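Q: Place chain B on chain A using the hints.
These protein sequences, in sequence, are chains A and B. If you count the first sequence from 1, you need to add 1 to reach our numbering. If you count the second sequence from 1, you need to add 1443 to reach our numbering.
These aren't lab readings, by the way, just hints derived from the structure by calculation. Predicted model, so just to flag it, every value in this text is computed and none were measured. Every residue, glycine too, gets a C-beta built ideally from N, C-alpha and C. The reader is advised that the hints may include incorrect statements.
Here are the simulated distance ranges between beta carbons [unchecked claim]:
1) Asn1621/B x Asn225/A: 26 to 34 Å
2) Val1575/B x Gly170/A: 42 to 50 Å
3) Pro72/A x Trp1735/B: 43 to 51 Å
Taking lysine to any residue and the SDA-like style, the derived pairs with C-alpha atoms no more than 20 Å apart in a straight line are [unchecked claim]:
4) Lys1562/B x Thr1528/B
5) Lys155/A x Leu1487/B
6) Lys214/A x Asp1465/B
7) Lys23/A x Leu1622/B
8) Lys23/A x Trp1727/B
9) Lys125/A x Leu1473/B
10) Lys23/A x Ser1725/B
11) Lys155/A x Ile1488/B
12) Lys214/A x Asn1466/B
13) Lys155/A x Leu1484/B
14) Lys23/A x Arg1627/B
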Amino acid sequence: MSAQLNSRPKSYTPTSTWKLRKSLTAVGQYAMLILLTGIFIFPLVFMIVSSFKPTNIQIFSDLRSLRAFLPVGDLSLSNYVSVFENSKFPRFLLNSIGMSAVMIVLSLLVNSLAAYALARLRWKARKAILTVIIALLIVPFETIAIPLLLMVSKLPNLTFDKGIAFAQGWLNTYQVQIVPFIAGAGSIFLFYQFFLDIPKELDEAATIDGASKFQIYRHVIIPNSGPVLATVAILTFLGTWNSFLWPIMTVQSEDIRPVMVGLQYFFQQNVQWGQVMAYTTMITIPVLILFMAFQGAFVRSIATTGLKE
Amino acid sequence: MSTRSTALNRSAGLQKPNKPRDNQDLLPGLLLGAPAFLLLLIFLIGPFFAGVTYSFTDQRLISPNPTQFVGTRNYTRMLGFSILTLDSIVDSQTGQPQLDANGKLQFPRSRDFTRDETKYPQYFGLTEWFTVTLGGKEYVILAGDPSFFRSLTNNVLFALVVIPVQSAIGLLLALLVNLNLRGRNFFRTMFFAPVVTSMVVVSIVWRFLYDYNNGMINSFLSTISLGAIQPINWLGDPSTAMAAIIIMSVWQGAGMQMMLFLAGLQGIPAQLYEAASIDGASTWQKFRYVTWPGLRNTTVYIIVTITIAAFQLFTQVFVMTNGGPSDSTTTVTFMMVREGFREQNIAYASAIAVTFFLIILAINLIQRRLLRGEA
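If we strip away everything but chain A, and leave its shape as in the complex, we get:
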């Protein structure tokens, strides 16, 4: 600064006030951003930190100061051990991971095939079907949840308990949490829009080479649809992982309970804050890590369609 003053005395005053103002603005902006960051992540930091504090007494006494956000004092994994001992957490976790995986595979396949038929094939009924699917986009799940509950309670179901037999009702099964949600108007529409923009020449070239309609889907369309596959996979995963209202109504058995419902029961039966925080931390951190790893895809997915609750 002083060197500048000596070499270019005339330009000193305006430049340096301008610079000063600019850096003051930047300081102000950073201060605001840091304050806002604190507001947006303090509950998550508190959750993670408290999960390592073994007793309520310690958590409560730390609340009076910034210690609530710092891993200080007695720290242990005892809360995590207790979650495993006091609940069927591994089972819930496996259920949710397994159902998410099945849902992702099936919904990618079923919805992309339908969108391919609507966007790339020529048949007369497709326009009418497309209109119906666009109309279905505005039907929220809550609208149909109750009649669907009655319906699934009456659907025939194969049981293998005592030989093969038909039983009434899908309640308390894995399929009741999966099958109704495989096809989705939103996913079909996302695929449809994306497929429209893939050049038609690719299909035509493949047709000349003697490819069938399914082969075109398999070897031309799908390899060119990375981004939309990622979007639908992410939305399907979040929808299944976070599903709550539907399994609350349809699943009572612990053995097929997903993580969020397991958490609700665990929370109701448990007065140890640290244990509840350990549970929430274990089901939140993996999603946050996935989010950070695939940030762009996550943001695009959630912002294009709105988050399904």
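A: Same frame as chain A, but now just chain B:
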């Protein structure tokens, strides 16, 4: 460029004259689409129309009696509404109005009117929702199902507060992280983190934060006010429970609005800002005349998504308050689940669901109007 060329392709494809080829892919089209179309038919379209039908019956989840059509009974129960005007009780001896211990006018009980079918058939079956005392008279607002009106009011209140507050915070965040600052990506991630966290998790963590005796929010308020602010029973008091849920929901979803506004900001052509600079526009003028009009469609979209989310409000209520205390946090979807699942009254829950759907439909139609008007 790519959209334009496909648009050309599409219109060319539609105009092809050789008619027979229009249906050439019927078989593969039906085969490939069948799984999705059938699933949608069975698990979405079917229940939708079944729900509309159930809303005119007395369908229950499990019932020994056959289901019967009951006409619009569920809707009249849900939407029934009347105002009862009461004169104060006059003491027969003195001819003066009778006062209670606090010196307030006394009025007959509304129950005497709503339970007397022969004398007051117009009020029969209704229940008191709330009362207003004005000019020596008491006006009793009666409803067929006061819980439903309380729920609807809560949803509207939620929307009216969350729309402006969350949009404003989202816009502020978007403007900040759109600045050419080092580390802006880090800040975007932090603000978006609550959005990717499950609402069940968020609700449980905030229930701890709101805890009356040991909650962080009460400790914080007490510390910064040097003990002047007494602990607030956030979720246990009817006057603060909804506010508590609103504050948490604003916090959870603001990052989402930030991302939407950010996309909107980045869609505004840089030339507009350059032209404004040449004309000598101040920062505020640039925001007022370039940024704000440029964000119009984004804003409409955000308002509509928040409104729809407001009417879907369920998880927070279910986990944090269970609708209470005294219905102060019930919502339309929460009531629907309470009636349909816990009370097993499928018919009445379906009537609520149909009403809920009509609200969502109206919001969507308004959105179309607004967006078409501008384009």
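Q: Looking back at the numbered hints, which does the structure fail to meet, lowest number first?
A: Nothing - there is no hint that the structure violates, so all of them hold.
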